[in-house]
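Number of protein chains: 2
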Amino acid sequence: MFFIVVVGPAGSGKSHLVDAFGDWLEFNELGVARVNLDPAVEWLPYEPDVDVREYVDARTVMKKHRLGPNGALVASIDMLIDYVDNIRSEIEATQANYVLVDTPGQMELFAFRDTGPYVIREIIGDSRAATLFIFDAVFASNPRSLASSLFLALSARIRLGLPQVNAVSKADLLQPEQMDEIEEQVNSPENLYNALVAKGMDPLMAEAAAKTLEALAPEGSTAPAALRFVSALSGYGLDDIYAALQQVLAGGEDFYTEEPSPRH
Amino acid sequence: MFFIVVVGPAGSGKSHLVDAFGDWLEFNELGVARVNLDPAVEWLPYEPDVDVREYVDARTVMKKHRLGPNGALVASIDMLIDYVDNIRSEIEATQANYVLVDTPGQMELFAFRDTGPYVIREIIGDSRAATLFIFDAVFASNPRSLASSLFLALSARIRLGLPQVNAVSKADLLQPEQMDEIEEQVNSPENLYNALVAKGMDPLMAEAAAKTLEALAPEGSTAPAALRFVSALSGYGLDDIYAALQQVLAGGEDFYTEEPSPRH
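Here the protein sequences come in this chain order: D and F.
With this note's numbering as the guide, the letters of the first sequence map in order to residues 9 to 272.
With this note's numbering as the guide, the letters of the second sequence map in order to residues 9 to 272.
Be aware that one or more of the hints could be misleading.
One copy or two, either will do: identical chains are not told apart, so a pair holds if it fits within one copy or between any two.
[As the list claims (entries may be wrong)] When the alpha-carbon atoms are kept at most 20 Å apart in a straight line, the in silico SDA-like pairs for lysine to any residue are as follows:
#, residue 1, residue 2
1, Lys72, Glu50
2, Lys207, Pro125
3, Lys71, Glu50
4, Lys207, Gly79
5, Lys207, Arg129
6, Lys207, Gln255
7, Lys71, Leu241
8, Lys207, Pro171
9, Lys71, Lys207
10, Lys207, Asp122
11, Lys71, Gly259
12, Lys207, Asn195
13, Lys207, Tyr126
14, Lys207, Tyr54
15, Lys207, Glu62
16, Lys207, Gly169
17, Lys72, Arg121
18, Lys207, Pro197
19, Lys71, Asp27
20, Lys207, Thr68
It should be emphasised that the hints constitute simulated quantities derived from the structure, not laboratory data.
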């Protein structure tokens with residue numbers, strides 16, 4: 009049982025990626041469990057196999073404890089701690105090969121408080137796990153925003169302590185030239201540094217961003233670049249994401265024997 | 009008119025710092041306007057001079073647009089765009105020397121989406137402004153969390169594009185030894201690197217964190233360290249924060265002539 013924890017800032021497309029990637033894995037005859045860890049989500053594009061809203065529901069928390077929307081979100085995520093055993097049992101019962109964990113909308117409330125990393129550790133137990141960190145394509149296409157996303161990605165990497173695959177979601181919104189430009193920026197720390205300084209960024213900040221890129225390189229890899237493109241809408245890049253996760257989770261051992269799907 | 013934009017992750021103590029720092033400035037005979045920019049806050053420790061909840065209230069947005077707590081927070085922050093002129097006029101009418109801007113609970117929804125930086129730019133206009141970024145003391149006292157906070161701080165610095173003073177809030181929760189330890193870690197990139205590697209962090213990540221520290225150094229300063237300690241509860245460090253902001257906002261020109269308050 010492999011756990012893939014999908015993390016990214018609000019609106020980056022976590023749930024849509026869980027939906028599309030789950031379908032892709034099933035199409036390739038792999039068993040999938042989709043786990044919703046967001047007590048406040050109102051609508052999901054997929055049918056969750058395990059849903060924390062059965063234990064904690066942010067709307068109910070809001071009414072019962074007379075909290076505002078802010079307080080209810082924080083409190084309901086903290087309340088998940090009481091249900092980690094139930095969640096873990098429900099996941100085990102699915103006997104899935106891959107467990108896709110969809111995390112709360114705001115990564116700040118999840119990754120940057122103590123509850124989120126604790127809940128993840130408890131749910132994973134001894135199983136192998138990786139984080140799939142997603143950047144919003146709209147952010148990645150601006151070098152300054154790209155740099156700030158890299159800091160967030162490394163911050164999540166450190167907070168969650170899991171091997172991490174980094175992907176730009178909503179790749180369908182990018183023109184091929186934009187993808188080439190982003191790829192060129194992230195395929196070497198020097199290129200990123202030069203692109204940022206060319207955009208007027210302070211050299212010390214550009215240097216820190218370039219170092220972040222190095223630190224985000226996959227474990228045991230000599231390649232600095234670690235940013236893949238994926239689209240939940242078109243399915244573009246799902247095979248690439250799978251290969252990268254597989255590398256991290258099972259040292260490249262492949263569980264699906266189909267031909268890779270076409271890239272466009 | 010100087011703007012001080014208080015930013016930090018959920019629960020870091022932004023509102024309490026606005027309260028305490030506002031009182032400190034007034035005690036030193038400086039005119040202060042306290043601006044609440046959080047449409048979802050339920051309770052504030054201070055009486056805001058300008059309050060965006062008069063224009064947008066997250067609870068009302070939730071009911072009117074039938075949104076969940078998550079969606080209501082995102083939508084209500086986006087709606088601030090329509091009221092930047094009103095907010096700016098209200099602020100101007102206060103004729104304050106210092107405008108303390110208290111930002112929404114979740115910095116992710118504010119600093120890492122486009123609305124927040126836009127609203128801030130519009131409200132500030134031609135006035136001088138700085139960000140006061142706060143780290144939670146509980147986070148700063150663990151080297152790995154400290155590193156992840158440094159990435160967040162630099163990310164905010166890049167997103168908001170303002171000179172930035174970085175402070176550890178809730179210093180009253182730290183023992184003097186813990187403060188010394190944190191200070192030693194942040195007073196040179198080498199020390200931070202060594203502390204992180206000693207805690208088992210991957211050297212590339214530790215290097216990125218050390219670079220972040222350099223990049224967070226105040227503009228025009230040769231000192232790499234830029235982390236101050238402050239307590240809204242005891243008042244500790246408010247004079248230090250003031251001096252650091254003053255350095256950034258007015259090149260060190262001082263508007264208050266009192267003796268600095270004692271440090272403990």
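Tested hints:
1. Within a single copy, Lys72 and Glu50 get their C-alpha atoms as close as 18 Å, and across copies as close as 15 Å, so both meet the 20 Å cut-off.
2. With identical chains, the CA atoms of Lys207 and Pro125 are at most 20 Å apart between copies only, with a shortest distance of 18 Å across copies and 35 Å within one.
3. In this assembly of identical chains, Lys71 and Glu50 lie within 20 Å of each other by CA distance both inside one copy and across copies; the values are 16 Å within and 14 Å between.
4. Proximity of Lys207 to Gly79 under the C-alpha cut-off of 20 Å is found in neither arrangement, the shortest distances being 39 Å within a copy and 33 Å between copies.
5. For the homomeric pair Lys207 and Arg129, the shortest alpha-carbon distance between copies (19 Å) is at most 20 Å, but the shortest distance inside one copy (40 Å) is not.
6. For a Cα distance limit of 20 Å, the shortest separation of Lys207 from Gln255 qualifies neither inside one copy, at 35 Å, nor across copies, at 26 Å.
7. Within a single copy, Lys71 and Leu241 get their C-alpha atoms no closer than 36 Å, and across copies no closer than 31 Å, so neither meets the 20 Å cut-off.
8. Taking the closest pair of Cα atoms, Lys207 and Pro171 come within 20 Å of each other only across two copies (18 Å); inside a single copy the shortest separation is 31 Å, beyond that limit.
9. With identical chains, the CA atoms of Lys71 and Lys207 are never at most 20 Å apart, being 48 Å at best within one copy and 43 Å at best between copies.
10. In this homomeric assembly, Lys207 and Asp122 come within 20 Å of each other (Cα to Cα) only across copies, at 18 Å, whereas the closest approach inside a single copy is 36 Å.
11. Neither within a single protomer nor between protomers do Lys71 and Gly259 lie at most 20 Å apart by alpha-carbon distance, with minima of 47 Å and 49 Å respectively.
12. In the homo-oligomer, the alpha carbons of Lys207 and Asn195 lie at most 20 Å apart inside one protomer (18 Å), although the nearest pairing across protomers, at 29 Å, exceeds that limit.
13. In the homo-oligomer, the alpha carbons of Lys207 and Tyr126 lie at most 20 Å apart only across protomers (19 Å), although the nearest pairing inside one protomer, at 39 Å, exceeds that limit.
14. Taking the closest pair of Cα atoms, Lys207 and Tyr54 never come within 20 Å of each other, the shortest separation being 40 Å inside a single copy and 40 Å across copies.
15. In this homomeric assembly, Lys207 and Glu62 never come within 20 Å of each other (Cα to Cα): the closest approach is 48 Å inside a single copy and 38 Å across copies.
16. Within a single copy, Lys207 and Gly169 get their C-alpha atoms only as close as 32 Å, which misses the 20 Å cut-off; across copies the closest is 13 Å, which meets it.
17. When the C-alpha separation of Lys72 and Arg121 is checked against a cutoff of 20 Å, the pair qualifies neither within a copy, at 23 Å, nor between copies, at 31 Å.
18. Proximity of Lys207 and Pro197 under a CA criterion of 20 Å is satisfied intra-copy only: 15 Å inside one chain copy versus 26 Å between copies.
19. Taking the closest pair of Cα atoms, Lys71 and Asp27 never come within 20 Å of each other, the shortest separation being 30 Å inside a single copy and 28 Å across copies.
20. Taking the shortest alpha-carbon separations for Lys207 and Thr68, neither the intra-copy value of 47 Å nor the inter-copy value of 41 Å comes in at or below 20 Å.
Checked against the numbered hints above, the structure violates hints 4, 6, 7, 9, 11, 14, 15, 17, 19 and 20; every other hint is satisfied.
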